[in-house]
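Colleague: Chain by chain, the residues:
4 protein chains.
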Amino acid sequence: MKKIKASIIGATGYAGKELIKILSGHPEVELMFLGSSTYAGKNITEVFPEFINSLNKKLVKPDSACISRDSDLIFTALPHTVSMDIVPELLNKKGIKVIDLSADYRLKDTMVYKEWYKKEHEGINKKLLSQAVYGLPELYLDDIKNASLIANPGCYPTSVILGIAPLLSHHVIEGEGMIIDSKSGVSGAGRKPSLGLHFAECNESFKAYKVLKHNHIPEIEQELSSIYSGENNLEKQKNIKVTFTPHLLPINRGILSTCYLNLKSIKSEEEILGLYQKFYNDSPFVRVFTPPNLPETRFVTDTNYCDIGFAVDKRVGKIKVISVIDNLIKGAAGQAVQNMNIMFGFSETCGLI
Amino acid sequence: MKKIKASIIGATGYAGKELIKILSGHPEVELMFLGSSTYAGKNITEVFPEFINSLNKKLVKPDSACISRDSDLIFTALPHTVSMDIVPELLNKKGIKVIDLSADYRLKDTMVYKEWYKKEHEGINKKLLSQAVYGLPELYLDDIKNASLIANPGCYPTSVILGIAPLLSHHVIEGEGMIIDSKSGVSGAGRKPSLGLHFAECNESFKAYKVLKHNHIPEIEQELSSIYSGENNLEKQKNIKVTFTPHLLPINRGILSTCYLNLKSIKSEEEILGLYQKFYNDSPFVRVFTPPNLPETRFVTDTNYCDIGFAVDKRVGKIKVISVIDNLIKGAAGQAVQNMNIMFGFSETCGLI
Amino acid sequence: MKKIKASIIGATGYAGKELIKILSGHPEVELMFLGSSTYAGKNITEVFPEFINSLNKKLVKPDSACISRDSDLIFTALPHTVSMDIVPELLNKKGIKVIDLSADYRLKDTMVYKEWYKKEHEGINKKLLSQAVYGLPELYLDDIKNASLIANPGCYPTSVILGIAPLLSHHVIEGEGMIIDSKSGVSGAGRKPSLGLHFAECNESFKAYKVLKHNHIPEIEQELSSIYSGENNLEKQKNIKVTFTPHLLPINRGILSTCYLNLKSIKSEEEILGLYQKFYNDSPFVRVFTPPNLPETRFVTDTNYCDIGFAVDKRVGKIKVISVIDNLIKGAAGQAVQNMNIMFGFSETCGLI
Amino acid sequence: MKKIKASIIGATGYAGKELIKILSGHPEVELMFLGSSTYAGKNITEVFPEFINSLNKKLVKPDSACISRDSDLIFTALPHTVSMDIVPELLNKKGIKVIDLSADYRLKDTMVYKEWYKKEHEGINKKLLSQAVYGLPELYLDDIKNASLIANPGCYPTSVILGIAPLLSHHVIEGEGMIIDSKSGVSGAGRKPSLGLHFAECNESFKAYKVLKHNHIPEIEQELSSIYSGENNLEKQKNIKVTFTPHLLPINRGILSTCYLNLKSIKSEEEILGLYQKFYNDSPFVRVFTPPNLPETRFVTDTNYCDIGFAVDKRVGKIKVISVIDNLIKGAAGQAVQNMNIMFGFSETCGLI
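Protein chains in written order, with numbering that gives the first Met the number 0: chain C, 0 to 352; chain S, 0 to 352; chain A, 0 to 352; chain D, 0 to 352.
What the hints contain is simulated information worked out from the structure, not anything from laboratory work. Some hints here could point you the wrong way.
Intra- or inter-copy, both count: the list cannot distinguish identical chains.
What the hints assert, rightly or not - Subject to a maximum C-alpha distance of 25 angstroms in a straight line, what follows is the list of computed DMTMM-like cross-link-like pairs (lysine to aspartate or glutamate): (1) Lys57 - Glu200; (2) Lys56 - Glu200; (3) Lys209 - Glu45; (4) Lys212 - Glu173; (5) Lys60 - Glu29; (6) Lys240 - Glu230; (7) Lys212 - Glu45; (8) Lys237 - Asp301; (9) Lys263 - Glu173; (10) Lys125 - Glu29; (11) Lys263 - Glu220; (12) Lys212 - Glu200; (13) Lys4 - Glu45; (14) Lys113 - Asp312; (15) Lys277 - Asp69; (16) Lys212 - Glu268; (17) Lys209 - Glu268; (18) Lys266 - Glu114; (19) Lys41 - Glu137; (20) Lys118 - Glu88; (21) Lys125 - Glu114; (22) Lys191 - Glu45; (23) Lys60 - Asp84; (24) Lys313 - Glu173.
Hey, can you work out the whole structure from these sequences and the hints?
Modeller: As structure tokens, then:
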């Protein structure tokens, strides 16, 4: 069988690097173009010496027409607001598919996007937005199969939504008062040097950041509202609000989200375990832990797994859900490849661990 | 002026080591005995080579009578339940003072202690418990001045109580629904090797632990109940319950607690800042950050400071309080020395930074 | 084609864990027994939760007869001196092959082994020793093909020998005065907790250890002597002595060896690069860096690569060789699987990256 | 007694920050100006929130005339080649003293400086160079007492020279063939963000860098040549050449240098220990370890100590010397304050630990 031709625009960030790593070992994929405006002209091994011997490829200027011409699929791993205008150019070619790792096509409500990202969807962007599928396979498998444009979920939202979805969809918990305390490794902040990410400034320390305005909040709220209401029509949904605080962990990779949720009534841990297991029965990348076992970020490092554990705190009538992912794999590149596998009819786990 | 004679029992754990470090540089203290059942007979520099040149002292068997005879003050840095029976022996000598870093004399309700620590206070232990003062200087300065026995607070409780006290005592927040998500460096778990604290098992990873039953919960609840009710009589207090989750950070030192608290009504950040500043006006070791600034654990590393920041989240009607300490200093040895300073009439900050 | 049946004795150490990880994804291998005296009876996922979903297998008592009966190949990942007596029992079954990750069958001279490991080879052990092949594929490919017993090289020796071999075999450098300064991540010291490997004792620090007597010294000297002399006959070899110092890096994985070698005469870097490239032309897991590029340990993390770089220091007439490996992969489990691939006629890189 | 007035130019780098920390707690010093071209106008607590409560001071433009007018002593913590022209301006005021933490006044031979730093000393710079004293108190105590301009030693040279000096001055080792393998924490590279110092690029990894051309080489060679020859006259000195390789440790602070030195004849460890002890008898900040004990970087973290250990390797006729310092304290700010103490007649250890 013929391999599909896949290209990456934004190949030299951390998500791009993971995409290269996964795709270059994927049996169904031929890696075509690696686009990078910063490093165009250089060999990828000059940027990432890890690829010596395994990949010999020049980085190219991210020329949309040129890249789309010879690609069946393009991954865009670009900064938010930059992706918005490039995606339509890429989708110009008939039959081509795009998996966008930015936030630009994730939020269904353009007003909400504008509020958090300070840019507006207009014309073709707006039209594409209505066609884009939120690429969380555990929730939207069928939509992903037929999508041309995937809005690949954010890293925090992936960990949070997968942790809460089973409880919320079964109305085991209240929609109100959800508190999410998330912690992420430093690679989540990208590869661009800055004082806050300078080694000696974050090593051996820990802090909260963007405590009121992290732009993953609307994404989490959109999806939880949809799950809670059991429908996608924004106008008919109950508007769920969450309290969310991101923190910076002095490790390279990994997100752990601790979710505090109000139980409608006390349930046994067995009952809740059953509910999770059923919900994720067909999801190869979600592993549910039997209480009192709980996941640690290292269990999922370099894998596409989302590990979920929980504990019922009867003293206070709450359930604590702990959810971990590798922010660059299940939180970015791995999930993107999982979406690719589904879109092209490959095994969902192909090329991923 | 004559120096006081201070001894340490349990000198070779991490809290003991910090006590040695601080006391050996303290202008009012002569370090008498360093007690250690494990290392008795060795020189302290064989256990901690860092002290070569600065301290030349043999570790002794922790013989209570012998140690108390020549001491004005004894710090006990022993495991919980072990301290309980040694403290009375030490206090046998008239006029001697003891600062106990264990949990054994912190919980006023013996039934609660028994429930969480599986041991019962009887006879002299029970009597001493009623005399012990909870050594959090920012709340109990006057009681500490006259105390013979100080129950030095736990590390998590110190960060949590200091973060919440001003809001709770002014009834700016509800007593219900407090959620505390805490993260601690590895030294908090002590110096005894175990698989969970083995370098390659916790480095580059992050996890929650004891998610339902950490024994700092009753300590936090005792103090918050007392603050909320404005009185110490257990029977008249409202019984406050908190949701508390500790996590293990892959760093040596530092605790950051993120507290999610329900505002009774929305207040401006200025108003709340003023409230904090007033509350801690005479507390040299609490630093309140002006929003939107927030503390990071590195700001307090190797110091006795507790740094506190906060953010009012109007969207959800909550206030987030972030509180950081060095778990071995303000969370243990530094606070113990602060208590010593108060008990003996030295400047509260003497020998501490 | 039928898969081979492979078992592991000592499956719950770090090398054992890596073997499980690699073998459970290897297309030619069926994983039979996982032996562990400590954890026999437990499921492997109770020891390593990472394997939930991917491996469901009980650990068994390491009964040699029972394990060898149903295995084509056994990996022994046991402490030094323990392996010595188990290997002969396993080899009792005709046609079975053993790859021993301990040092027990690496040193050809039994007197040298006795001097460094304090135990003597006798009877069958001595006989097997003479048949064992030192499993460094880049040097002994043909011998490995036909071997029944492989002595899998140590981690430090792998990095050092691969770095120096091309220069020594071409007599570009002196055999005298070689100085090797090596640095290893903490996993190299094993999974057994001890104070020296306790997180807070080695995190944020660096030290040298066993500066005079690390038992990888005789292994390095044996192989360098053989390469220098161009023959295996111990009595005809020149006896090469090296100066070797191991250090402990506060990271999980990775070895970097800095080798200081005396050039017989100054050569250009181009000439030396050519020599390395030719030497490793058929070695898929050695990557030679073009000066002035140099490898970093992260380039080989989780891979079976050995990355080598060098610089000619004309000022002092020396060449500096920098060689990096992942101590658990190329330094242990990965190299063992590479040996397996060669012994069973699989592609040398099968199942490895 | 009146305090001296000290100012810092380049107060917002890592060395500057340490200077502030030490000087603000120094009983003999009043901190006058904190100069910073980048942050002039801001309060120091906006750059380093750690100083809230302990220091309330505005950063000023580094105007030489203005700063020197009201200072008795100025520390310049500026980049190499930048300091060269500012120092003469500061020294314009009669009686003022300058401690320069850059390399600009360390190398006595202007041709050597030019070769390694690509800039030339002319006019006043050249004149000042001849008056500058290399500020290593363990070697140049008397010269420092009377100096107006101190060239504060580099971090690597401090660790190396202190480790080797006793052996070299007693001609116990050869002057030829010295090999120095040094490892430094990341703060040594400064506070300016760059990709190589980005957290996720150096965390969990290890590398060598500048393997042929680190500009601390001529500084080490100048001092070792002088010690070996027993005189300062450059023309009469034997020109000693060393092999030096720096490496980057994924920790914040600390340097460990492993020195491989050729013994002229085998000496006992007792004899060599005696020699070290005698050499450093009056040096409060050098601690010599009794074999087989060896220092670790954490032993000196946040202190001005240089810890030295050694091992005689009879097998190869060499001595291995291990020397550790905190690169920001004994390797920069602490040593500068030690020099200040000596220059102004304070106790050498005043304000330092």
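Colleague: Run every hint past the structure and note whether it holds.
Modeller: Hint check:
1. Only between protomers do Lys57 and Glu200 lie at most 25 angstroms apart by alpha-carbon distance; the minimum there is 22 angstroms, versus 34 angstroms within a single protomer.
2. Within a single copy, Lys56 and Glu200 get their C-alpha atoms only as close as 35 angstroms, which misses the 25 angstroms cut-off; across copies the closest is 22 angstroms, which meets it.
3. In this assembly of identical chains, Lys209 and Glu45 lie within 25 angstroms of each other by CA distance solely across copies; the values are 18 angstroms between and 34 angstroms within a copy.
4. Both within a single protomer and between protomers do Lys212 and Glu173 lie at most 25 angstroms apart by alpha-carbon distance, with minima of 23 angstroms and 24 angstroms respectively.
5. Only within a single protomer do Lys60 and Glu29 lie at most 25 angstroms apart by alpha-carbon distance; the minimum there is 19 angstroms, versus 46 angstroms between protomers.
6. Taking CA atoms no more than 25 angstroms apart as the test, Lys240 paired with Glu230 passes inside one copy only; the shortest distance there is 17 angstroms, against 36 angstroms between copies.
7. Taking identical chains as interchangeable, the C-alpha atoms of Lys212 and Glu45 lie at most 25 angstroms apart only when they sit on different chains, with a minimum of 22 angstroms there against 37 angstroms within one chain.
8. Taking CA atoms no more than 25 angstroms apart as the test, Lys237 paired with Asp301 passes in neither setting, with 37 angstroms inside one copy and 46 angstroms between copies.
9. Both within a single protomer and between protomers do Lys263 and Glu173 lie at most 25 angstroms apart by alpha-carbon distance, with minima of 6 angstroms and 20 angstroms respectively.
10. Taking the closest pair of Cα atoms, Lys125 and Glu29 never come within 25 angstroms of each other, the shortest separation being 31 angstroms inside a single copy and 52 angstroms across copies.
11. With identical chains, the CA atoms of Lys263 and Glu220 are at most 25 angstroms apart both within one copy (20 angstroms) and between copies (24 angstroms).
12. Proximity of Lys212 and Glu200 under a CA criterion of 25 angstroms is satisfied intra-copy only: 22 angstroms inside one chain copy versus 27 angstroms between copies.
13. Only within a single protomer do Lys4 and Glu45 lie at most 25 angstroms apart by alpha-carbon distance; the minimum there is 23 angstroms, versus 41 angstroms between protomers.
14. In this homomeric assembly, Lys113 and Asp312 come within 25 angstroms of each other (Cα to Cα) only across copies, at 20 angstroms, whereas the closest approach inside a single copy is 39 angstroms.
15. Taking identical chains as interchangeable, the C-alpha atoms of Lys277 and Asp69 are never at most 25 angstroms apart, the minima being 42 angstroms within one chain and 37 angstroms between chains.
16. Taking the shortest Cα distances, Lys212 and Glu268 sit within 25 angstroms of each other only across copies (16 angstroms), while inside one copy they are farther apart (34 angstroms).
17. Within a single copy, Lys209 and Glu268 get their C-alpha atoms only as close as 34 angstroms, which misses the 25 angstroms cut-off; across copies the closest is 16 angstroms, which meets it.
18. Taking identical chains as interchangeable, the C-alpha atoms of Lys266 and Glu114 lie at most 25 angstroms apart only when they sit on different chains, with a minimum of 24 angstroms there against 39 angstroms within one chain.
19. For a Cα distance limit of 25 angstroms, the shortest separation of Lys41 from Glu137 qualifies neither inside one copy, at 38 angstroms, nor across copies, at 31 angstroms.
20. Taking the closest pair of Cα atoms, Lys118 and Glu88 come within 25 angstroms of each other only inside a single copy of the chain (18 angstroms); across copies the shortest separation is 51 angstroms, beyond that limit.
21. Within a single copy, Lys125 and Glu114 get their C-alpha atoms as close as 15 angstroms, which meets the 25 angstroms cut-off; across copies the closest is 60 angstroms, which misses it.
22. When the C-alpha separation of Lys191 and Glu45 is checked against a cutoff of 25 angstroms, the pair qualifies both within a copy, at 17 angstroms, and between copies, at 23 angstroms.
23. Taking the shortest Cα distances, Lys60 and Asp84 sit within 25 angstroms of each other inside one copy (16 angstroms), while across copies they are farther apart (44 angstroms).
24. For the identical chains of this complex, Lys313 and Glu173 are neighbours both inside a copy (15 angstroms) and across copies (20 angstroms), given an alpha-carbon limit of 25 angstroms.
Hints 8, 10, 15 and 19, counting from the list given before, are not met by this structure.
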